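Chemist: The lines below spell out each chain.
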Amino acid sequence: MRRSRRRSIAIWTVLIAFTFWTVIPIGLVVLNSFKRAKDIFTPTPTLFFTPTLDNYVNAFTKASFGLYYVNSVIVALVSTVIVIVIGTFAAYALTSFRLRSANTIANAFFLGKLVPTISMLLPLFVLINGIGLRGTLIGPIIAHIALNLPFVVWLMMGFLRDVPHELQQAAIIDGCTRMQTFWKVLFPLILPGVAAAFVLSMQYSWNELLFSLQLTNLDTYTLPVGIAGFVGAISVDWGLSSAAATATMVPLIIVGFFVQKHLAAGTTGGAVKG
Amino acid sequence: MILPLGYALYASFFDYSLGQEANMRFVFLDNYIHFFSDPSALRALLNTVLLTALSLALCLGVGVGIAVLLKEVDRSAANVLRAIFAMPILISPIIVSLIWRYMYDPTYGLVYYFLGFFGLQDFGGLTSSTTALICIVVADVWHTVPFIILVASAGLTVIPEELYEAAHIDGAGAWRMLFSITLPLMAKVLTVLILIRGTDAFRTFDLVYGLTGGGPANATTTLSVYAYKEAFENSRMGFAMAVSVVTLICLIVLFAPFTRNSARDAEA
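In the order they appear, the protein sequences are chains A and B.
Counting with this note's numbering, you get residues 1 to 274 for the letters of the first sequence.
Counting with this note's numbering, you get residues 1001 to 1268 for the letters of the second sequence.
The set of hints was computed from the structure by calculation and includes no laboratory data.
Computed from a prediction, not measured in an experiment: that's the story for all the values here.
Glycine included, each C-beta is placed from N, C-alpha and C at the ideal position.
Under 10 Å between C-beta atoms, here's a sample of chain B residues computed to sit facing chain A:
no.: 1; residue: Leu1069
no.: 2; residue: Ala1083
no.: 3; residue: Ile1084
no.: 4; residue: Ile1089
no.: 5; residue: Ala1174
no.: 6; residue: Leu1195
no.: 7; residue: Tyr1209
Next up, chain A with everything else stripped away, as it sits in the complex:
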């Protein structure tokens, strides 16, 4: 009895230490975003201070963060919707027509996720620059679609494969067309997969830096590019950048709370069930 008690104390010590390790860096930035400069630049961290919204006001008025926010929402939404629509149907075609090479194709698509972003950026940059789309929002949208699509197809194929083939055959015997079979039989079953794909694709697009950095200009910066601008500077305005970082990451942390269960299954393409 004594031993197991000591054991559980040890376990809890580790878990609580890990909680601090996870939460403190985030908490610090969130706190900083409400601090005046004199409260941020103290040798010992201050927990008690008079909160201020100045940093947020500055970020959205002076540093045009509002514009970046709108840009990011447009890029993330448009690219995600396109990726999900094309990706789901492509995966449906690849699984339901029972192509012999479907598995090979799926693996090839997974390899697509492994390609270094930089290997894709340089050619895409030349391409998009060449057709004069550099500096528009279409640039990052095309780039994000190109990068996300193979992954989403691979992910959806994982989910579609789990649906028994007999269900589809039964629906077709009952007189459903292929489209009806898809919407009425398959779609409800793969909805968790679609949700996971949606969140993963949104967060990729929302967070992606490298493409947006090179393909946009001052008017079409997305949030990560704006933040990279703060970080790159020699002296960082911590209050302002903390406010910007908080405004960018808090929506995702909240989304994360709701979907964390599906994320494990999502990123591993159903290889690991949550």
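Chain A is already provided as a structure; the job is to place chain B on it using the hints.
Modeler: The following block gives chain B in isolation, referenced to the frame of chain A:
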């Protein structure tokens, strides 16, 4: 996807600068020869391998460890903790680098505040070439361990409880169970994790870009950062393409064995 890659391969045989596609000079393998004779390129390759190996080892160790511990505590408590641990997952790497730059700030940073208690204020942090890479690994681990915890937790739930009971009756201790039951049965999950995390770490760009920009003195330049700098700062497009092709080949060589394993598991 194939098209840009084909173009990258093609362009890596040429010497040209940004926006000068008309004046491409065919140099065939010169860019590759240059890569393997350039100390800073080889340094980038070494940094990338080091970063990947360190980060992967730490992530898997800590992540699987925490996931195993979470299984030991009360289920509802574990769920709450898991939700808290998952917080960093969706945060953008560039914000992670912002957060950790603040943590590592020599004057106001929390890292130095804590090190101060142990008399370690002289820690080089991000500005010393010996410690900068380690600092980046720590930030990377902070960011990615949560993902490992989630996936490993999911993997652990499918291991039948009876196995542990049987082992317990046979007198196996906690460590014995970890190495004889948990880890072997998690082999497939671990393979997927190595594949996903390892390739991610190998391509690290945002984090390094935000934390050190590759400095001090190239001590933290990864292949991605190196290719980026060559392309957009030194305007050597052809060479940058060659670097990116080398990166891709390294990735395939290092991680292809793992894909074959996971494909075989999928068929079985």
